[in-house]
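In order, the protein sequence lines correspond to chains A and B. FYI, in numbering that gives the first Met the number 0 the residues of the first sequence are 0 to 258. FYI, in numbering that gives the first Met the number 0 the residues of the second sequence are 0 to 203.
Honestly, I wouldn't trust all of these hints.
What the hints assert, rightly or not - Once the Cα atoms are required to be at most 30 Å apart in a straight line, the calculated DSS-like pairs of lysine-lysine come out as:
hint: 1; chain 1: A; residue 1: Lys41; chain 2: B; residue 2: Lys16
hint: 2; chain 1: A; residue 1: Lys245; chain 2: B; residue 2: Lys23
hint: 3; chain 1: A; residue 1: Lys41; chain 2: B; residue 2: Lys171
hint: 4; chain 1: A; residue 1: Lys41; chain 2: A; residue 2: Lys202
hint: 5; chain 1: B; residue 1: Lys101; chain 2: B; residue 2: Lys51
hint: 6; chain 1: B; residue 1: Lys101; chain 2: B; residue 2: Lys171
hint: 7; chain 1: B; residue 1: Lys96; chain 2: B; residue 2: Lys171
hint: 8; chain 1: A; residue 1: Lys202; chain 2: A; residue 2: Lys245
hint: 9; chain 1: B; residue 1: Lys96; chain 2: B; residue 2: Lys51
hint: 10; chain 1: B; residue 1: Lys101; chain 2: A; residue 2: Lys41
hint: 11; chain 1: B; residue 1: Lys16; chain 2: B; residue 2: Lys51
hint: 12; chain 1: B; residue 1: Lys51; chain 2: B; residue 2: Lys23
Quick caveat, the hints were computed from the structure, so don't treat them as lab data.
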Amino acid sequence: MPLHPRVYSTEAIVLRRTDFGEADRILTLFSPAYGKLRAIAKGSRRTTSRLAGHLEPFTRTQLLLAAGRELDIVTQAEGRERLDHLRDDVWHATGAWYVAELVDRFLEDADPHPRLYARFVHTLRLLDDGASAPATSRGWLALRHFELHLLDELGYRPALHTCAGCETPLRPEENGFSAELGGALCPACSRYAQRRMSLGAFKVLRLLQMTEWDAVPRLRLASGERNEVEGILQSVLRYHLDRELKSWAFLHAPGIEGA
Amino acid sequence: MQPTVAPVAALIEEFAKLPGIGPKTAQRLTFFILRSPADQARRLAEAITRVKESIIQCSTCFNITETDPCAICSNPQRDRGAICVVEEPLDVLALEKTGVFKGLYHVLHGALSPVEGIGPRDLRIDELVARVRERAGSDDAVREVILATNPNYEGDYTVAYIAPLLAQQDMKVTRLARGLPIGGDLEYADEGTLGRALEGRREV
Ligand SMILES: [Zn+2]
Ligand SMILES: [Zn+2]
Numbered sequence: 000m001p002l003h004p005r006v007y008s009t010e011a012i013v014l015r016r017t018d019f020g021e022a023d024r025i026l027t028l029f030s031p032a033y034g035k036l037r038a039i040a041k042g043s044r045r046t047t048s049r050l051a052g053h054l055e056p057f058t059r060t061q062l063l064l065a066a067g068r069e070l071d072i073v074t075q076a077e078g079r080e081r082l083d084h085l086r087d088d089v090w091h092a093t094g095a096w097y098v099a100e101l102v103d104r105f106l107e108d109a110d111p112h113p114r115l116y117a118r119f120v121h122t123l124r125l126l127d128d129g130a131s132a133p134a135t136s137r138g139w140l141a142l143r144h145f146e147l148h149l150l151d152e153l154g155y156r157p158a159l160h161t162c163a164g165c166e167t168p169l170r171p172e173e174n175g176f177s178a179e180l181g182g183a184l185c186p187a188c189s190r191y192a193q194r195r196m197s198l199g200a201f202k203v204l205r206l207l208q209m210t211e212w213d214a215v216p217r218l219r220l221a222s223g224e225r226n227e228v229e230g231i232l233q234s235v236l237r238y239h240l241d242r243e244l245k246s247w248a249f250l251h252a253p254g255i256e257g258a
Numbered sequence: 000m001q002p003t004v005a006p007v008a009a010l011i012e013e014f015a016k017l018p019g020i021g022p023k024t025a026q027r028l029t030f031f032i033l034r035s036p037a038d039q040a041r042r043l044a045e046a047i048t049r050v051k052e053s054i055i056q057c058s059t060c061f062n063i064t065e066t067d068p069c070a071i072c073s074n075p076q077r078d079r080g081a082i083c084v085v086e087e088p089l090d091v092l093a094l095e096k097t098g099v100f101k102g103l104y105h106v107l108h109g110a111l112s113p114v115e116g117i118g119p120r121d122l123r124i125d126e127l128v129a130r131v132r133e134r135a136g137s138d139d140a141v142r143e144v145i146l147a148t149n150p151n152y153e154g155d156y157t158v159a160y161i162a163p164l165l166a167q168q169d170m171k172v173t174r175l176a177r178g179l180p181i182g183g184d185l186e187y188a189d190e191g192t193l194g195r196a197l198e199g200r201r202e203v
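The shape of chain B in the complex, shown without the other chains:
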């Protein structure tokens, strides 16, 4: 099993660092690439490089984007009075597919987890609070913050932490309806269920 050729070993090692890929799969991928045409391998390498070079985080909502501010933040059609808070960029994709929400987003980049040591400083929570406070009283004031974290324990814990920080006059803090099956990840919810959860949101 020990590959002796250094470049092969190096590629196996890199693949094995990817989430969900064990040593067996890393070997399979490596040998697939070895057998595939040179230009296919080059396209893969370029796509990986390009993603790292051109994808940044929006400085307002922290979603991943090619431009700053991102397409959603800079779209005049979006409702600036509503901010939907999610754990991951993939959740924005899932919610956009429902077509129900017309406001802006805020990506936390995770959920709080005491045992994993993921604390408030590791997430974009201060930025969210600042974003809401900054606009209070202005024409752009936020009327509603929807906390759309995953419907699981860590997601609820994150909501319990954030909601009191956001409490202020003339603003609602809501969360998705409990219609979502408990325990799952938002990105796996089907559009119908997610859309209904969004419409049936309730105040925290």
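Next up, chain A with everything else stripped away, as it sits in the complex:
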């Protein structure tokens, strides 16, 4: 663990929380300087709690924490930015849960990733802005962009320029993809591929990987192409996590996807 003083102040966002004891909650937080950390917010389920309103998921909060024996203790919390549009739109809210789960699952405790934190905040804002727009628009693309750049930040960048099998430069044609081998495969190596990758999907993935969000054009993808891109990225995420992401299934659940 990086050493921090007995009492320290940091910005953070709640990734998840679990009820604990009578009226406490245990929080999993993501902060720019300390990475992922766990802390207890005592009495925060009581409606009289001064902490509660500032410790909702997806609220950017300034916290004062005190080092505890097992868990650090939240002593003060002050909300800086609340993303309230998310509250009324079930698909975009699910997207926010999903990126939070990705961060929670991929990050070790106390491993700071300030750039990823900035991306996380940015993605939550995009989802909040997009709330009430159809799920098929920018929100979907923002999730894929986040997935690719999370992989990048953590050293799992999938190869999309040279073949992950033989390292020859990939050409604009139908290629293969293997999460296990670490990325795209040239037609010759594609017999080892877990899946085909159409030229359309290949282009979208490369574009998202190389481009900062503000420069990502307004892409219109056919549903087959979207499924393909999403399937490829899920195969990579699952390969590294070795398990399913619970909120991912929600994004496709009836009553949520079409909402």
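With chain A's structure known, arrange chain B with the ligands on it following the hints.
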């Protein structure tokens, strides 16, 4: 710290499974029981057994009850045109204490939570939709469904999911006024605040 007597260890282990009870408290409770008179321990054991044997869920509203349908569902004085949807049986108690609501309840048994993997199938949502649809057009038709989930993120998320499923003609879907402090649990709200939130409800 390792207790060597098997029955003692077993009781500590059972206590430690209870919510909010850590190993230290489990030990304290166990040694309290060891020191207390035999009939007090027997009463505790019987109360636990009885609760499991006699408490069931109402097949209409899914509140916990000793009879099916429960006392509220079978009370002719209650307004059958209004259904108040809550997360937990404890929330029914909290709302009943306000005395403001005269209708019926529907207990979901939780809130939706994508990261905890609690989905629509894990809650009594289909049953709620069926309950409302079944009665549409009849004398017993539901005029209003009040979504009284906790005033926090999971509660709002649950409302955002359920409200569109309930949308139908001649029926209002409302939720509690935002007067409730955000982030807390309904069961901890004081009666005055909860009563006002109920009176000031607005359409979703
Ligand atoms: Zn190759
Ligand atoms: Zn009942």
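Here is how each hint holds up against the structure:
{"no.": "1", "hint": "A:Lys41 with B:Lys16", "verdict": "holds, 21 Å"}
{"no.": "2", "hint": "A:Lys245 with B:Lys23", "verdict": "violated, 33 Å"}
{"no.": "3", "hint": "A:Lys41 with B:Lys171", "verdict": "violated, 37 Å"}
{"no.": "4", "hint": "A:Lys41 with A:Lys202", "verdict": "violated, 49 Å"}
{"no.": "5", "hint": "B:Lys101 with B:Lys51", "verdict": "holds, 29 Å"}
{"no.": "6", "hint": "B:Lys101 with B:Lys171", "verdict": "holds, 16 Å"}
{"no.": "7", "hint": "B:Lys96 with B:Lys171", "verdict": "holds, 24 Å"}
{"no.": "8", "hint": "A:Lys202 with A:Lys245", "verdict": "holds, 28 Å"}
{"no.": "9", "hint": "B:Lys96 with B:Lys51", "verdict": "holds, 25 Å"}
{"no.": "10", "hint": "B:Lys101 with A:Lys41", "verdict": "violated, 35 Å"}
{"no.": "11", "hint": "B:Lys16 with B:Lys51", "verdict": "holds, 17 Å"}
{"no.": "12", "hint": "B:Lys51 with B:Lys23", "verdict": "holds, 26 Å"}
The structure fails hints 2, 3, 4, 10 (numbered hints given earlier, in ascending order).
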